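There are 2 protein chains.
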Amino acid sequence: MSQAQELDLERVYAHIDAHGDEIVERLRTLCRQPSVSAQGLGLEEMARLVRRMLDELGFQTELVPLEDGPPVVYGELLNPNAKKTLVIYNHYDVQPPEPLELWESDPWAAEVRDGKVYARGAADNKANIASRLAAIEAFLKTRGEVPCSIKWVIEGEEEIGSPHLREFIERYKGRLKGDGAIWEFGGLDYGDVPGITLGLKGMLYVELRVQTLGRDAHSANAAIVESPVWRLIRALSTLQDGEGRILVEGWYDDVRDFTPEELEALEREPLDEEQLKRDLGVPRFLRGMTGLELKKALAGAPTANLAGLWAGYTGRGHKTVLPKEAHAKMDFRLVPDQDPQKLKALLRQHLERHGFGDVELTIQAETPAARTPITAPIVQVARETAREVFQKEPNVHVSSGGSGPMYHFTTVLGLPTVAIGCNHPYSNTHAPNENQRIDVLVQGTKWIAAVIARFGALTA
Amino acid sequence: MSQAQELDLERVYAHIDAHGDEIVERLRTLCRQPSVSAQGLGLEEMARLVRRMLDELGFQTELVPLEDGPPVVYGELLNPNAKKTLVIYNHYDVQPPEPLELWESDPWAAEVRDGKVYARGAADNKANIASRLAAIEAFLKTRGEVPCSIKWVIEGEEEIGSPHLREFIERYKGRLKGDGAIWEFGGLDYGDVPGITLGLKGMLYVELRVQTLGRDAHSANAAIVESPVWRLIRALSTLQDGEGRILVEGWYDDVRDFTPEELEALEREPLDEEQLKRDLGVPRFLRGMTGLELKKALAGAPTANLAGLWAGYTGRGHKTVLPKEAHAKMDFRLVPDQDPQKLKALLRQHLERHGFGDVELTIQAETPAARTPITAPIVQVARETAREVFQKEPNVHVSSGGSGPMYHFTTVLGLPTVAIGCNHPYSNTHAPNENQRIDVLVQGTKWIAAVIARFGALTA
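Those sequence lines, one after another, are chains E and C.
Going letter by letter, the first sequence gives residues 1 to 460 in our numbering.
Going letter by letter, the second sequence gives residues 1 to 460 in our numbering.
One chain only, chain E, in its complex shape:
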């Protein structure tokens, strides 16, 4: 007996297949409403639209107002007969669409071409919202109820670092009890193989500023006055060696080793190194890494990236100025169990110890890493259902190299969390001509439905 038969999913799948056009139309409706958090564009309207869609399925919904940000859409669809509760996280905000001239169609028109919906936000993250709505609707229409209770958090600031999600989680912690969670993204990897991601790196985002003069001065004064630009360069050069190793004392102390199961998953994880090199335009990887070492670095290495650096005159031609100040933006990616609070203090101590106590640090984000144990039941559920729906052995990614607020769910709420969904590579996420493949949208909806059913049927 197949899993679908066992879980009686045939009618649910049939409903999803029969209503593919409606899923696409719901996605296009979501995409036609701009919702750019970085530009404060359309967020209230978007929150109301999403809420209405949840209301239509019978969710108990709220628009949860936040101190200084757009509301969180929160919805509960409880089944008193269900043993399990699944928490879902999504975001209704999108990246800015610029540069507009590189789009082949209006980023808010949600044009359908070649089996894809083209729009800013189509893939990230509106397709996953549409897909999860459709999966839940399929249960309601075919069975009159969902196999597990659903608690759904849809925030409006993910693309700007979720600055108020902590506030929401603190307030709703009591109501967000559950047995597992589905993260906002996920879907097919290269080669259309389903992927399941179990973790995200954390983030300590710091702006550094050095000032040594009261005003910008004629650069003749470089003969007699210390330059803040040279000072920043010397301070930065104490932070990392030439091969990506962070030199801040104690930075690696709390780094958790991979478990044998995680190492095994990393070994199995496919990685086309030549294609990755071509894609990034690099002749080699840092320290000549390859194979498992390379995969361990992507999934588990703390990084100290210089995302921005600026001082003085940066325009055309030459200007001779001794700038009064110099700036850097750094994103430190963190891994379990690094604590951003502790690292912040280590960074300050390091700069002081090296004679750079005057370097001003401004913390712009601090989120710990998240990693769901590979042995958690929801991981097994995601694997088995992926095999069923896609007829392929899924890739399990111990951790993405990227970051996000998953920590609030895995650690603060204690929910084992898997990132699965209807995304696909080549969707131009965060770039012009973002798009969502309609076939993956429908398949991903079945995957979510299967996860909901199988998770609801878990006995442990």
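Take every hint as true, because none was put in to throw you off.
For chains that are exact copies, the list does not tell them apart, and a pair is met inside one copy or across any two.
Dumping the calculated DSS-like pairs for lysine-lysine here, alpha-carbon to alpha-carbon at most 30 Å:
#, residue 1, residue 2
1, K392, K277
2, K296, K277
3, K296, K344
4, K319, K296
5, K173, K344
6, K141, K392
7, K319, K173
8, K319, K342
9, K319, K344
10, K177, K84
Just so you know, these hints were derived from the structure itself, not from any lab.
If you're wondering where the values come from, they're calculated on a predicted model, not measured in any experiment.
Given chain E, work out where chain C should sit, using these hints.
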């Protein structure tokens, strides 16, 4: 007998005093014509206006076309009876007036307030053009001839680094024979003491660029790819120590020592260190320098200034990008007898030797330093006439800390050159509300007249 009596300058001075209003009006006419080289604004019109003013005094004039820039105004007023020829250098272009909102009156209106003419270019460099015109006119009106032959070069690109002056000098070298030169700026120092500047530092302006990726990438890739920003920081940190000393091998090899006379002049040169610290907003000078050491650094230290530095995201908030490239702009100020061609090669060698051969260098300017011997007769002329006109012992500045194309005159043409004129401190040169004090304009005109007379009377 006073110098003025000896040189029969009383009537010349009286003419200048009697025509003060005309000098001011001529300056205002020059100021009302915008001439911003950085913006290509009004340069042809300005060149024609200046040429007309020289024509009116009887100069033989030309507008010398240059390959890619505005014309040089060149004029000769030869006196076949004179023994000496004085070359004058000025520029008719000005800095951009922006930011306009900080001006109290229109930068092109040349409004007169509180005894000053307010306009972009009023002090730098149009007052010196008006003043020199008036001094020459005073001789012509009172004597019918000038005491020495005059060859006048007025270019239109000084504020953007005189990119085509070399071309002009090459072509006119044969005609620019003379016995000495007056530079474009000069006048009163703080406390209204006349100052005579004998040199300028040279300039090697270099843009550095490092690229390690084919495209900007998600900063998760910092775990596996070398960052061009870190690479630029490490390359730069090999170039200078923490106290302003350049670490490029051989950089100081050709630095000429000050002569005993120059050291004596430096010792005598006044420098209010506390005021300079307040003005620059610094608690101390580099290496704790003070006294002669500080003055030697300003006049004679090579510098490696970071005028600009940029990479990645420099806007508000946080973005996590691994930039594909990183940039720096550096102005190296040079002193006699450093050769920018040789230093350029040393810089390349240094980077290669330290493993940074991939750092791209683009040279944007390369001008050697200039320094007129303090013992040159024209220096003595400038000193004696300053005493006569201002009734004060002038300050002799061995070198400005700034740069300019004086090298073409001192070294290529072999003309001992002094920077004297009608400038004054607090004139807001290159800044909003640039202004020219009218009293100094008139006094400076007498100084130029006295220099012309005394230089013409030199027997050696």
